[in-house]
Amino acid sequence: MEIDPFVFRLSIFILSIFIGYYVVWSVTPSLHTPLMSVTNAISSVIIVGAIIAALAEGGNIFDTANIFGYLAIILAAVNIFGGFLVTQRMLAMYKKKKKDK
Amino acid sequence: MSANILAIFYLISGVLFILALRGLSSPETSRQGNLFGIMGMAIAIGVTIISAGNFSTGFLYLIVFLLVGGSIGAFIAFKIPMTAMPELVAGFHSLVGLAAVFVAISAFLNPEVFNLGTPGNIKIASLIEMSLGAAIGAITFTGSIIAFLKLRGIMSGSPITFLGQHYLNLFLGLTLIGLIFYLCNTQVDTWFWTVIIISFLLGILLIIPIGGADMPVVISMLNSYSGWAAAGIGFTLENTALIITGALVGSSGAILSYIMCKGMNRSFFNVILGGWGATDQAQSDRSKEQKPVKNGNADDAAFLMKNASSVIIVPGYGMAVAQAQHALREMVDALKKNGVKVTYAIHPVAGRMPGHMNVLLAEANVPYDEVFELEEINNDFANCDVAYVIGANDVTNPVAKTDPQSPIYGMPILDVEKSKSVLFVKRSLSPGYAGIDNDLFYRDNTLMLFADAKKMTEDIIKSL
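Protein sequence lines correspond, in order, to chains A and B.
Going by our numbering, the first sequence opens with residue 1, and the numbers climb by one from there.
Going by our numbering, the second sequence opens with residue 1001, and the numbers climb by one from there.
Possibly wrong hints are sitting among the right ones.
[What the hints assert, rightly or not] Stretches of chain A that chain B covers, calculated by requiring three or more beta carbons in the stretch to come under 8 Å of a beta carbon on chain B:
| no. | segment |
| --- | --- |
| 1 | 1-14 |
| 2 | 22-33 |
| 3 | 36-42 |
| 4 | 45-56 |
| 5 | 74-80 |
| 6 | 83-93 |
Since the hints were derived computationally from the structure, they do not count as laboratory data.
Cβ coordinates follow ideal geometry from the N, Cα and C atoms, glycine included.
Only chain A is shown next, with the shape it has when bound in the complex (with noise of 0.2 Å):
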């Protein structure tokens, strides 16, 4: 009998829910935000379909497909160096108080 790679996939995606939850858990509440930004950044990998999507049978711009391929990269593109951005200088900013000044 074999298992269908669903099931697989199935399981990777509960034991990540799992691995999330006590992760998130542990995230300081002074860095919350940085979290909001951080996981906006990371769930816009989203970005490897829209690559697939745009880059199929040879990327032509002008198919229906692609194009909404295209246009999610730039969505995703916006999302990926924003947040990845906008994190890194929220984190800069938090400063123990011997660093002051």
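Dock chain B against the given chain A, drawing on the hints supplied.
Frame of chain A; chain B shown alone:
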């Protein structure tokens, strides 16, 4: 590149994303965590481009679009003021949502590319996954737009409710399920488009009844949705990195929503069903009798704080609105020179998103080890000489502990009233968001400072 090696790389970037979140457990490790996140993303994008093996004109467009999007993102990231963080995050969520919708559409139009079958004959499982991804993505998109408009002040923050609203939403939700079922049976693309359109509508309807101060829950919830949408697309594309990330982001947003709801002592459904704050407004108007208030000025406040041995600052959304965090920090510096011990107390739902106040204080160079969460600091109010409440209101209202009739009864509050004296910076006596009068205003140990938060703080600095 073989599919197996590709999958390993996606796994690696998934692990790096886990480490990115893990890094946020302390400010020290957080910057490194962010680098892990960037590495994970670079790996995922890099191997995808290489495996596509298409270095024709399409590749050129890809680079151009990446750069265009990237520059827009970078520009926003550097220009955005820290006080605008909540709307920025809401805006970014909407982009993830829309990107998920676009990828789903693309996969629907051209399923061969993703090995999902042929148009009109897509595998049922894939069809369910992509419709779910598209639906959640669409809800995230329009929902986040509404949240963005409310946070930005373009749209009023007050809840918009109408008769039968919840039944309409329920009906639309059930319709969505029915449509996805039909879509799987018939493979007719009209149903697919209808699913997306109804989801867009549902996203709007779900967020309009939720009021401004409940935005911390809404943003966290939309954060969670964007994760589930990514996971849905991840299943469609059979991509591990997306599935892992989607699950991480989904649970992260869910936990944040839970923390925010707990901070207000309300159930998740109570917040989502919305309309809070609207009904209570009438009540407070009725009970508005004239009670004596002690009114002070900047000199009084400066005198009180200068002669105190410890001061606790309680910032709230009003501080963000007035952009008073820098002035506040200067005031604290002046106090410290006088030998006063100063700490900050932050309520979980202060501001418009989780951790909003912490970021603003960090921006003003307040060291994070002087900033404390509710449970850490609440016992200290009893031993503190002055509590300086700047822009916070409902989260300090003692009514939450004493009056079972009050809508905020049971909400954990900062025990500001226990300190020897309370300085309350506020523009007027108007009730806070919840529409309830704050008992604290009329206490003997409270001195009201009626002014803009920033101006008052600056005046105090002058008097110090």
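> Residue count check for the segment 22-33 of chain A against chain B: does it reach three with CB-CB under 8 Å?
Replying inline: Coverage by chain B holds here, the residue count being 11 at a Cβ distance below 8 Å.
> the segment 83-93 of chain A covered by chain B? Criterion: 3 or more residues, Cβ-Cβ distance below 8 Å.
Replying inline: Check passed, 11 qualifying residues.
> Three or more residues of the segment 45-56 of chain A near chain B by CB distance under 8 Å?
Replying inline: Answer holds; 12 residues pass the 8 Å Cβ test.
> Are at least 3 residues of the segment 36-42 of chain A within less than 8 Å of chain B when you compare beta carbons?
Replying inline: Three-residue rule met by the segment 36-42 of chain A, so holds; n is 7.
>> Can you tell me if the segment 74-80 of chain A counts as covered by chain B, using C-beta to C-beta distances under 8 Å and a minimum of three residues?
In response: Held - the segment 74-80 of chain A has 7 residues with a Cβ nearer than 8 Å to chain B, which meets the minimum of three.
>> Verify this for me: three or more residues of the segment 1-14 of chain A with a beta carbon less than 8 Å from a beta carbon of chain B.
In response: holds (count 6)
Consistency with the previously given hints is maintained throughout, with no hint failing.
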